[in-house]
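One line per chain: the protein sequences are A and B, in this order.
Under numbering that gives the first Met the number 0, the first residue of the first sequence is numbered 0, with each subsequent residue one higher.
Under numbering that gives the first Met the number 0, the first residue of the second sequence is numbered 0, with each subsequent residue one higher.
Careful, some of the hints might be misleading.
It does not matter which identical chain is meant; a pair holds if it fits inside one copy or across any two.
Claimed, not checked - Dumping the calculated SDA-like pairs for lysine to any residue here, alpha-carbon to alpha-carbon at most 20 Å: (1) K306 - R67; (2) K64 - S228; (3) K306 - G66; (4) K64 - T32; (5) K128 - S238; (6) K128 - H7; (7) K306 - G276; (8) K190 - T32; (9) K130 - R167.
These are computed hints drawn from the structure, not numbers from a lab.
Please read all numbers here as calculations on a predicted model, not as lab measurements.
Protein chains: 2
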Amino acid sequence: MRAVARRHGVSLRPHLKTAKSAEVARLAVDGATSAIAVSTLAEAEYFARHGFRDITLAVGITPQKLGRAAALVELGVDLTVITDDVSAAADIAAHSADLRALIEIDSGDQRGGVLPGSIELLDIGRALKGKLGGVLTHGGHSYDCRTAECAEQAAEQERAAVVTAAERLRAAGMSCETLSVGSTPTVRHAKRLDGVTEVRPGVYMFGDLFQAEIQSCGPGDLALTVLASVIGRRPAENSIIVDAGSLALSKDRSTGLTDHDAGYGLIRDAANSPAFGNCRIERAYQEHGVATADEQLPFALLPIGAKVRISPNHACLTAAAYDCYYIVEGGDEVVAVWDRINGW
Amino acid sequence: MRAVARRHGVSLRPHLKTAKSAEVARLAVDGATSAIAVSTLAEAEYFARHGFRDITLAVGITPQKLGRAAALVELGVDLTVITDDVSAAADIAAHSADLRALIEIDSGDQRGGVLPGSIELLDIGRALKGKLGGVLTHGGHSYDCRTAECAEQAAEQERAAVVTAAERLRAAGMSCETLSVGSTPTVRHAKRLDGVTEVRPGVYMFGDLFQAEIQSCGPGDLALTVLASVIGRRPAENSIIVDAGSLALSKDRSTGLTDHDAGYGLIRDAANSPAFGNCRIERAYQEHGVATADEQLPFALLPIGAKVRISPNHACLTAAAYDCYYIVEGGDEVVAVWDRINGW
Numbered sequence: 000m001r002a003v004a005r006r007h008g009v010s011l012r013p014h015l016k017t018a019k020s021a022e023v024a025r026l027a028v029d030g031a032t033s034a035i036a037v038s039t040l041a042e043a044e045y046f047a048r049h050g051f052r053d054i055t056l057a058v059g060i061t062p063q064k065l066g067r068a069a070a071l072v073e074l075g076v077d078l079t080v081i082t083d084d085v086s087a088a089a090d091i092a093a094h095s096a097d098l099r100a101l102i103e104i105d106s107g108d109q110r111g112g113v114l115p116g117s118i119e120l121l122d123i124g125r126a127l128k129g130k131l132g133g134v135l136t137h138g139g140h141s142y143d144c145r146t147a148e149c150a151e152q153a154a155e156q157e158r159a160a161v162v163t164a165a166e167r168l169r170a171a172g173m174s175c176e177t178l179s180v181g182s183t184p185t186v187r188h189a190k191r192l193d194g195v196t197e198v199r200p201g202v203y204m205f206g207d208l209f210q211a212e213i214q215s216c217g218p219g220d221l222a223l224t225v226l227a228s229v230i231g232r233r234p235a236e237n238s239i240i241v242d243a244g245s246l247a248l249s250k251d252r253s254t255g256l257t258d259h260d261a262g263y264g265l266i267r268d269a270a271n272s273p274a275f276g277n278c279r280i281e282r283a284y285q286e287h288g289v290a291t292a293d294e295q296l297p298f299a300l301l302p303i304g305a306k307v308r309i310s311p312n313h314a315c316l317t318a319a320a321y322d323c324y325y326i327v328e329g330g331d332e333v334v335a336v337w338d339r340i341n342g343w
Numbered sequence: 000m001r002a003v004a005r006r007h008g009v010s011l012r013p014h015l016k017t018a019k020s021a022e023v024a025r026l027a028v029d030g031a032t033s034a035i036a037v038s039t040l041a042e043a044e045y046f047a048r049h050g051f052r053d054i055t056l057a058v059g060i061t062p063q064k065l066g067r068a069a070a071l072v073e074l075g076v077d078l079t080v081i082t083d084d085v086s087a088a089a090d091i092a093a094h095s096a097d098l099r100a101l102i103e104i105d106s107g108d109q110r111g112g113v114l115p116g117s118i119e120l121l122d123i124g125r126a127l128k129g130k131l132g133g134v135l136t137h138g139g140h141s142y143d144c145r146t147a148e149c150a151e152q153a154a155e156q157e158r159a160a161v162v163t164a165a166e167r168l169r170a171a172g173m174s175c176e177t178l179s180v181g182s183t184p185t186v187r188h189a190k191r192l193d194g195v196t197e198v199r200p201g202v203y204m205f206g207d208l209f210q211a212e213i214q215s216c217g218p219g220d221l222a223l224t225v226l227a228s229v230i231g232r233r234p235a236e237n238s239i240i241v242d243a244g245s246l247a248l249s250k251d252r253s254t255g256l257t258d259h260d261a262g263y264g265l266i267r268d269a270a271n272s273p274a275f276g277n278c279r280i281e282r283a284y285q286e287h288g289v290a291t292a293d294e295q296l297p298f299a300l301l302p303i304g305a306k307v308r309i310s311p312n313h314a315c316l317t318a319a320a321y322d323c324y325y326i327v328e329g330g331d332e333v334v335a336v337w338d339r340i341n342g343w
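One chain only, chain A, in its complex shape (with noise of 0.2 Å):
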């Protein structure tokens, strides 16, 4: 992701929602700047902790919220926040602490946003006073596509949207230092991003089964993965059942939405390999995984206690219920533990 934006020439904050891990955010940072993107406030304090200084807040803000947005910039964090709300707006420019603000764009995913058309653009703008840092968007509709070429309208989409608001804004009079776009399908896939300052993927650090089949990654390169044992077998279903249920998996069923349906996950062996075919998890209760395969599975191999790799359908959704991280190489040497943050 560093070579795509250094291709583009725009600056790379990497979106930590997904990884929530100052360690995967030391590999995922340009180390010149060291700028990131979080979706709570209890990560910008995270990584405020672990020597982050440039952080967006790419969450709409709350007027209640800015108390702890001003404890931030004490430390000495560049904080910046985003608005889509006149009134908010006003709030940030009265408040005392010297944060900078992002108005935030609708680029056609229709949840947060003012359209870049809109008059409330320039009213926020100008109730932003001197902390009006720029305008942000985040082209979620990507989502839906399932080709590469769908992402790259997406993130057409994305820049057309930045750019007008940006250009309405300096038209009025008033500065607009920051453009800001991205999810990880239209920064992968945009052609061009003139006009664009920053890109904020977050998930392509992990990758997951949604995102290899909407184009964002490859098969292969999924970095995380749940890693189970077999409690259950009905050798006359065709069908194990494993201790990872929606609380290990998530409920996430976006694959269900693709050509390859994996349920609520892929089974593969301890070693990471597909040793099971299209083995996927059909049912999850909260701590039962029921898997099925429409190859015979090989029963021999899964006894008891037999140790399987589950790749998530949502890899952001799924790294929530754990509190750190195994880094693996070599199959199933664990090398390190890498902890990461959740809540609020």
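We have chain A already, so just place chain B on it with the hints.
Positioned in the frame of chain A, the structure of chain B alone reads:
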């Protein structure tokens, strides 16, 4: 639930898989015995640290987990494990730890367990030798019910399954002291529990929207809510965005299978009153919940930063996103903070 168990003349062994909290467990247990069920070794270890001495680990054990189980026994815990596998039963019997095992019976859920009339039942009983403590079933198929009558039938299937299994074990010369059944719907609606010795409901301690839909509790019996803030407003779409998404609520969509689809959760006001009609989270992103309602939302009451409470579909999964509970009285006064144990 204590009254229900007393009425049936059976012991209550509350399942702490939902609450995972010592404070909640102390409210739930029958003071005479303090018997509990848990779903993970981490829970067993946590409750042992908090003084609980009669614990059933109600998810199939693997031989590799017997070491941690044995450590609990050495601490003085009367530990019961479960199995539905002859080989695992032999491993349990051969282990030096002084623990008891129940044979898991499939009473219709088609998840874990052997059929009560199966040959395997007797093979497992013999393999367990002196460690055979009885039989256990979980009528999880009661979650497919939408009426009390259906849950009552599932309860009778649970009862008949363990009674049949126990009779067969006894007829083969084996002892079968414990006949353990239960899910919240089946225990709530059981007509008779003749022969059963204990029940293991869990989610009743909190209730949730799905349990209310399947008649396991009333709509006013929901103890658990997620406090969130409005972070976006889209009056033209009659929609708000809150800072509680799939990490804060889980992606459980169980009410989608009922007559009252609550999306990813139902939004109430900060005092937990249904002030916003059927305002529900229709789309859940990692940290964003996009909510709408059939009626016009009162946007004047919902500025950026306004607090709302969200009733979750499935309390077990939602609670797992948090490491503590804020105990609230009178709408918004936090009178205590209770910890909980996550992970494995």
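Cross-check of the supplied hints:
1. K306 - R67: between (43 Å within a copy, 17 Å between copies)
2. K64 - S228: between (42 Å within a copy, 10 Å between copies)
3. K306 - G66: Cα proximity of K306 and G66: across copies only (17 Å, versus 47 Å in one copy).
4. K64 - T32: The answer is neither: 26 Å in one copy and 46 Å across copies each exceed 20 Å.
5. K128 - S238: neither (62 Å within a copy, 28 Å between copies)
6. K128 - H7: neither (31 Å within a copy, 69 Å between copies)
7. K306 - G276: Answer is within: at 16 Å inside a copy they meet the 20 Å cutoff, but 48 Å across does not.
8. K190 - T32: neither (24 Å within a copy, 67 Å between copies)
9. K130 - R167: within (17 Å within a copy, 77 Å between copies)
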